[in-house]
Amino acid sequence: MPELYLRLLNRILTPVLLLLALFLLIRGHNLPGGGFIAGLMAASAFQLQILSRGHVIVRRTIGPYLNSSIGLGLALAVLAGITGLLDGSFFQGVWFSLSLPLLGYLKLGTPIIFDLGVFLVVVSFATSYLLGLSRVSATGERLRDDSASPVLSDDSSLDSPDLRVETGRGANS
Amino acid sequence: MALSANLLAVPVAAPLLTAALILLFARWGGRTLIRHQIALTTLALCINLAVAALLFQATAGQGERFVLQLGAWEAPFGITVYGDGLSATLLLLTALVALAVYPFAVATIDYHRARMGFHPLYLFLLTGVNGAFLAGDLFNLYVFFEVLLMASFVLLTVGAQPAQTNSGIRYVVLNLLASTVFLVAAGIAYGTLGTLNMAQIAERLPLASPAVRTVFAGLLLVGFGSKAAIFPLFFWLPASYHTPPPAVTALFGGLLTKVGVYTLFRSFTLFFPELLLTWQPALLTIAGATMLVGALGALAQPGLRRVLSFHIISHVGFMLMGLGVALSGNSLAIGFGLGAAIIYLCHHMIIKTALIMAGGAVELYMGSDRLASIGGLVTRQPLLAFLFFMAAISLAGVPPFSGFVSKLSLLQITLDTRHWFVSGVSIFASLLTMINMMRLWRESFWGDYNRPSRVPSRILQSGARQQLMLTPVAVLVLLSLILGIWGEPALRLSMQVAHQALDRQAYIEAVSPAGYISTPSTKRPIGLSDPVAPNSPAKLPGSTSTTLLVSR
Numbered sequence: 639m640p641e642l643y644l645r646l647l648n649r650i651l652t653p654v655l656l657l658l659a660l661f662l663l664i665r666g667h668n669l670p671g672g673g674f675i676a677g678l679m680a681a682s683a684f685q686l687q688i689l690s691r692g693h694v695i696v697r698r699t700i701g702p703y704l705n706s707s708i709g710l711g712l713a714l715a716v717l718a719g720i721t722g723l724l725d726g727s728f729f730q731g732v733w734f735s736l737s738l739p740l741l742g743y744l745k746l747g748t749p750i751i752f753d754l755g756v757f758l759v760v761v762s763f764a765t766s767y768l769l770g771l772s773r774v775s776a777t778g779e780r781l782r783d784d785s786a787s788p789v790l791s792d793d794s795s796l797d798s799p800d801l802r803v804e805t806g807r808g809a810n811s
Numbered sequence: 015m016a017l018s019a020n021l022l023a024v025p026v027a028a029p030l031l032t033a034a035l036i037l038l039f040a041r042w043g044g045r046t047l048i049r050h051q052i053a054l055t056t057l058a059l060c061i062n063l064a065v066a067a068l069l070f071q072a073t074a075g076q077g078e079r080f081v082l083q084l085g086a087w088e089a090p091f092g093i094t095v096y097g098d099g100l101s102a103t104l105l106l107l108t109a110l111v112a113l114a115v116y117p118f119a120v121a122t123i124d125y126h127r128a129r130m131g132f133h134p135l136y137l138f139l140l141t142g143v144n145g146a147f148l149a150g151d152l153f154n155l156y157v158f159f160e161v162l163l164m165a166s167f168v169l170l171t172v173g174a175q176p177a178q179t180n181s182g183i184r185y186v187v188l189n190l191l192a193s194t195v196f197l198v199a200a201g202i203a204y205g206t207l208g209t210l211n212m213a214q215i216a217e218r219l220p221l222a223s224p225a226v227r228t229v230f231a232g233l234l235l236v237g238f239g240s241k242a243a244i245f246p247l248f249f250w251l252p253a254s255y256h257t258p259p260p261a262v263t264a265l266f267g268g269l270l271t272k273v274g275v276y277t278l279f280r281s282f283t284l285f286f287p288e289l290l291l292t293w294q295p296a297l298l299t300i301a302g303a304t305m306l307v308g309a310l311g312a313l314a315q316p317g318l319r320r321v322l323s324f325h326i327i328s329h330v331g332f333m334l335m336g337l338g339v340a341l342s343g344n345s346l347a348i349g350f351g352l353g354a355a356i357i358y359l360c361h362h363m364i365i366k367t368a369l370i371m372a373g374g375a376v377e378l379y380m381g382s383d384r385l386a387s388i389g390g391l392v393t394r395q396p397l398l399a400f401l402f403f404m405a406a407i408s409l410a411g412v413p414p415f416s417g418f419v420s421k422l423s424l425l426q427i428t429l430d431t432r433h434w435f436v437s438g439v440s441i442f443a444s445l446l447t448m449i450n451m452m453r454l455w456r457e458s459f460w461g462d463y464n465r466p467s468r469v470p471s472r473i474l475q476s477g478a479r480q481q482l483m484l485t486p487v488a489v490l491v492l493l494s495l496i497l498g499i500w501g502e503p504a505l506r507l508s509m510q511v512a513h514q515a516l517d518r519q520a521y522i523e524a525v526s527p528a529g530y531i532s533t534p535s536t537k538r539p540i541g542l543s544d545p546v547a548p549n550s551p552a553k554l555p556g557s558t559s560t561t562l563l564v565s566r
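Going down the list, the sequences are from chains A and B. Per our numbering, the first sequence runs over residues 639 to 811. Per our numbering, the second sequence runs over residues 15 to 566.
These are computed hints drawn from the structure, not numbers from a lab. Ideal Cβ placement from N, Cα and C applies to all residues, glycine included. Please note that the accuracy of each hint is not assured.
[To be verified] Taking beta-carbon pairs under 7 Å as the criterion, some of the chain B residues facing chain A (in silico): (1) Asn20; (2) Leu31; (3) Leu35; (4) Ala40; (5) Gly44; (6) Leu84; (7) Gly85; (8) Arg184; (9) Leu505.
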């Protein structure tokens with residue numbers, strides 16, 4: 639079972655990190671931020687989940703969706719570029735402003751969709767990478783335990799870890 | 015017919031979008047899903063081919079140049095996508111090779127690999143290759159190099175056989191080294207010239223000091239050269255090409271080194287055409303050594319696919335020889351060498367892919383590719399034997415196939431410009447090619463029937479599979495024949511392409527209409543007025559870079 643402070647930190651930090659990621663994503667067009675950084679931020683929230691609750695739970699909940707979400711992100715990014723054709727050129731920004739009752743108006747456009755695509759790709763790629771790494775470290779732990787006892791384990795999960803197989807298995811379970 | 019420059023985005027966007035859609039729905043379904051993936055991929059490949067043909071017709075046929083500034087941000091600030099005859103020729107051939115290899119891949123790739131994402135990876139590789147042909151600035155060229163490197167690395171290792179992993183590591187390490195060298199060159203360009211846009215680099219490079227130019231050119235030659243597998247830098251290729259499934263080898267053999275060759279062509283014609291004359295001895299030496307080592311090394315290889323993949327190196331030498339004499343000779347012959355190299359490139363991409371596919375079919379049928387242990391296939395597979403023979407003699411340069419036209423034109427220009435030695439070497443290398451091909455033919459098709467593998471081969475028994483595997487080979491061989499018979503129009507077309515590529519002023523004007531590119535260094539050309547400037551690199555290019563750095 640993970641440490642107490644990790645569980646506490648998880649409760650406090652995960653919402654903060656996710657909100658911060660959203661903030662960075664929206665602000666990223668003109669100021670420092672953007673899809674890539676926001677994606678890393680959100681991935682760090684997931685990493686915190688992996689550390690505090692164990693990789694098995696995280697893999698079961700979001701593992702099956704990671705590949706699809708990479709595809710969704712890439713498709714969104716390309717579609718944002720294609721939308722620019724409406725304005726004459728590939729990847730041209732198409733903007734419209736949305737007036738909100740309290741906040742004034744919000745300027746929305748295809749660059750935000752593009753950034754959202756980048757965000758999805760980065761967050762799902764980084765999370766699946768971290769899940770793979772956590773699995774390697776779990777395997778290493780088991781190997782260390784096994785080397786203490788002379789019995790050789792014949793576990794199939796000692797094979798080289800692979801993300802796609804991993805998520806595929808997750809989907810089956 | 016006026017085409018929109020937005021078409022330039024299609025060869026990159028269509029495969030990328032299709033791959034993304036495949037990934038998006040990759041969770042659901044089993045074998046039916048794979049069938050849908052195959053259908054989608056085929057659709058993307060067909061769209062790619064159609065657009066590439068349109069672009070080729072407009073650029074190479076009518077001499078147009080397409081420039082797409084992404085998001086309508088003008089040249090030095092935005093991302094430039096540039097397509098001229100050279101790019102479009104390579105796009106067309108890439109689309110052709112990709113579409114031709116795909117049925118073969120569908121027939122031979124096993125379910126496990128397909129489930130691991132073979133089809134989206136195929137499209138990602140295509141995205142990277144197409145993007146590299148279209149990139150208008152050095153950094154995006156680097157990015158697309160990385161895209162194709164990563165996609166090809168995974169394609170090499172998917173399936174995780176020990177030999178595959180071993181070769182994959184060597185492949186990726188050596189290629190990353192080459193990418194790093196190229197990245198250093200890009201950094202030098204940005205640090206001294208203050209830009210990464212290729213047109214702007216071409217405009218400013220004559221103002222830079224000779225030292226900067228030499229270092230930049232040398233680094234690009236090493237970086238692109240090792241992508242293209244030229245003489246001392248080719249070791250990644252024979253180490254890796256024989257381990258993946260034959261379909262992947264065919265795709266790699268058709269596409270990967272050609273990206274390096276294209277970037278060599280582009281950088282030497284656009285950035286430093288004067289070096290084609292001053293570095294000519296070095297370039298021709300490298301070309302000769304590459305031809306010779308490729309052909310001799312192929313002779314020493316034990317396996318069918320090893321011979322074919324080692325032999326790619328020899329062909330790269332031929333193309334480099336054409337580039338080396340591009341600006342030599344009298345005024346009529348200017349560009350003839352490059353045109354001959356381009357037609358050689360076309361011939362090579364078409365016939366090498368066909369040959370590797372035919373060799374792969376032999377290997378799949380026999381269960382082994384060791385030349386010493388296989389033989390006698392001509393009685394069992396007469397059609398395959400026929401196609402292999404045709405492809406082999408086309409590669410060796412026997413008329414009326416395309417190999418004859420391309421080798422003859424290359425030989426003609428080297429003899430005209432009195433490079434006796436390198437032309438002698440090229441004839442010798444062609445002879446070695448012939449010997450190689452005859453060796454392959456003799457060992458695998460003639461003699462007593464000998465099939466070393468005890469495992470029964472179903473792959474060529476099934477009629478549908480056999481058609482899927484052999485039809486593309488037949489189509490490519492036919493194309494080679496057409497290219498050989500209509501050699502004169504093809505040669506004229508490739509001369510046009512070469513002249514268009516050599517016209518660097520037109521490139522600069524097409525990408526950046528005069529007003530946009532005016533920066534401190536062009537308003538105040540120190541390098542032209544100040545005679546001391548070329549010897550003090552800090553003074554001249556530094557003026558640009560410091561202002562840019564401060565303004566950031």
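How the hints compare with the structure:
Here the hint on Asn20(B) is kept, as its CB sits about 5 Å from the closest CB of chain A, short of 7 Å. For Leu31(B), the interface hint holds, the least distance from its beta-carbon to any beta-carbon of chain A being 4 Å, beneath 7 Å. Taking 7 Å as the C-beta cut-off, the interface hint given for Leu35(B) holds, the closest approach to chain A being about 6 Å. Satisfaction of the interface hint for Ala40(B) is found here, the shortest Cβ-Cβ separation to chain A being roughly 5 Å, below the 7 Å cut-off.
This hint is violated: Gly44(B) has a C-beta 11 Å from the nearest C-beta of chain A, more than the 7 Å allowed. Taking 7 Å as the C-beta cut-off, the interface hint given for Leu84(B) holds, the closest approach to chain A being about 4 Å. Proximity of Gly85(B) to chain A holds as hinted, the smallest CB-CB distance being about 4 Å (cut-off 7 Å). A distance limit of 7 Å between C-beta atoms decides the matter here; for Arg184(B) the minimum to chain A is near 18 Å, and the interface restraint is violated.
Against a cut-off of 7 Å between C-beta atoms, the interface hint on Leu505(B) is violated, since the closest Cβ of chain A lies about 34 Å away.
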